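Q: Sequence:
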Amino acid sequence: MSKRRSRGDGGLHWDEKRQRWIATANLGFDPSGKRIVKRGSGKTKTEAKNKLKEVLRDHEDGLAMAPTGYTVADAVNDWLAYGLAGRDQRTVENCTNLSRKHVIPGLGARKLRDLSAEDVDRWLAVKARTLSTRSLQAVHSCLNRAVKRAMARDKVKRNVVELCSVPQGQPGRPSKALSFAQAEAVLKAAEGTSMHAYIVVALLTGARTEELRALTWDHVFLKGKPDADPPHIAVWRSVRRGGDTKTRKSRRTLALPARCVEVLWQHFEDQGWDRLAAGDKWEEHGLVFSSAVGKLLDATNVRRAFRQALKDAEGINADEWTPRELRHSFVSLLSDRGVPLEEISRLVGHSGTAVTEEVYRKQIRPVIQTGAVVMDGIFKRAPER
14 MSKRRSRGDG GLHWDEKRQR WIATANLGFD PSGKRIVKRG SGKTKTEAKN KLKEVLRDHE
74 DGLAMAPTGY TVADAVNDWL AYGLAGRDQR TVENCTNLSR KHVIPGLGAR KLRDLSAEDV
134 DRWLAVKART LSTRSLQAVH SCLNRAVKRA MARDKVKRNV VELCSVPQGQ PGRPSKALSF
194 AQAEAVLKAA EGTSMHAYIV VALLTGARTE ELRALTWDHV FLKGKPDADP PHIAVWRSVR
254 RGGDTKTRKS RRTLALPARC VEVLWQHFED QGWDRLAAGD KWEEHGLVFS SAVGKLLDAT
314 NVRRAFRQAL KDAEGINADE WTPRELRHSF VSLLSDRGVP LEEISRLVGH SGTAVTEEVY
374 RKQIRPVIQT GAVVMDGIFK RAPER
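Per our numbering, the sequence shown starts with residue 14, numbered consecutively.
No lab work stands behind these hints: they were computed from the structure.
Quick caveat, the model's predicted, so the values are computed rather than measured.
We put the beta carbon where it would ideally sit given N, CA and C, even for glycine.
Check each hint, because a few of them may be wrong.
Said to hold, decoys possible - Using 25 Å as the maximum straight-line C-alpha spacing, the simulated BS3-like pairs for lysine-lysine come out as follows:
hint: 1; residue 1: Lys-56; residue 2: Lys-66
hint: 2; residue 1: Lys-124; residue 2: Lys-114
hint: 3; residue 1: Lys-294; residue 2: Lys-324
hint: 4; residue 1: Lys-114; residue 2: Lys-62
hint: 5; residue 1: Lys-140; residue 2: Lys-124
Unchecked claim - Ranges of calculated distance between the beta carbons of each label pair, as one might list FRET restraints:
hint: 6; residue 1: Gly-365; residue 2: Arg-288; range: 25 to 35 Å
hint: 7; residue 1: Asp-101; residue 2: Asp-134; range: 57 to 67 Å
hint: 8; residue 1: Asp-134; residue 2: Asn-330; range: 37 to 47 Å
hint: 9; residue 1: Val-139; residue 2: Thr-266; range: 44 to 54 Å
hint: 10; residue 1: Lys-56; residue 2: Ala-98; range: 35 to 45 Å
hint: 11; residue 1: Leu-235; residue 2: Val-139; range: 15 to 25 Å
hint: 12; residue 1: Asp-134; residue 2: Pro-243; range: 54 to 64 Å
hint: 13; residue 1: Ser-207; residue 2: Asp-134; range: 47 to 57 Å
hint: 14; residue 1: Thr-266; residue 2: Thr-366; range: 13 to 23 Å
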């Protein structure tokens, strides 16, 4: 004879409407006096009992039960909506694009509670056939952060994504550096274009594109001080969130080669005509490099105008080059002329020589001397007009 259940043990019954077995357990009363009942369902009695055991284990562990249909896509969308608050707009856009294009199509339909490390490994292996290692790290990070947020909100017991390593992806596009002959061809082709001053300053100072886009005229000193400071620019801002430079050492003051001084005087005059032509449409932000109506340039504007300026450069395929490679070229040209690695690192605003050597090692050589003086020797003064 079977033993009678104790009071509060719950029960097991067939739900005709759902066509499933329902196992229940009574766990007492909540503070309002309402009975606490936990349920598990299944197509068989055993399946229903096992499901109830799982629910009770979660209850004992203090975990709230996620909705049965809560998927990876739900977790990712919740993270995109609420987990990126306060982040830079560009960061939000990048995470959203990666999640919508790679994470959700690949794993979004999977129930979060059922997601396994094997699922993530297989997904990453498929993505490794088309994505670079850096992109793989980015999509893995998006999924990891979404599941971590879901775990913190008791939607899942553990984050299996943290157990998965990122495989080697496809080789990314390597950065290049202009040779001296190519640099001269670029400077010649840029003359007369709206990007001339930008290209000259970027190539001859090594400033980052995000720093030049944020550069204002009150940080440009074209006259300098006799027997004291030479003409220089104060690289103290960038278009990053809050206007800060990339690192503390990125905040630096750079002497200007004579060629930069000449083109910036001309650029200042040309911008005055642009201001006059724009009339009421002009927005004054004091920017050195701005749109035709004074607004801040975005990275896409700069890249498009840069390639347009290079279209007639001899021996250069404009589509294969980006503005940031002017900075790489600056490092390589200085190194070719014997400037020591430590000095190059200081000029480009790196926190140490390790970054300069790892990221910009193309023609790095040890030796002596420094920035603006060397650049004057390389590029001479622009010919008189």
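Q: It remains to establish, for every hint, whether it holds in the given structure.
A: Each hint tested on the structure:
1. Lys-56 with Lys-66: holds (15 Å)
2. Lys-124 with Lys-114: holds (19 Å)
3. Lys-294 with Lys-324: violated (30 Å)
4. Lys-114 with Lys-62: violated (40 Å)
5. Lys-140 with Lys-124: holds (20 Å)
6. Gly-365 with Arg-288: 25 to 35 Å: Roughly 42 Å apart at Cβ, these two residues miss the hinted range, so it is violated.
7. Asp-101 with Asp-134: 57 to 67 Å: violated (31 Å)
8. Asp-134 with Asn-330: 37 to 47 Å: holds (39 Å)
9. Val-139 with Thr-266: 44 to 54 Å: Once the Cβ atoms are compared, 49 Å apart, the range 44 to 54 Å for Thr-266 and Val-139 holds.
10. Lys-56 with Ala-98: 35 to 45 Å: holds (42 Å)
11. Leu-235 with Val-139: 15 to 25 Å: Because 55 Å falls outside the window, the suggested range is violated.
12. Asp-134 with Pro-243: 54 to 64 Å: holds (58 Å)
13. Ser-207 with Asp-134: 47 to 57 Å: Hint holds: Cβ distance 49 Å, inside 47 to 57 Å.
14. Thr-266 with Thr-366: 13 to 23 Å: Taking Cβ atoms as reference, Thr-266 and Thr-366 lie about 20 Å apart, which means the hint holds.
In this structure, the earlier hints numbered 3, 4, 6, 7, 11 are contradicted, and the remaining ones agree with it.
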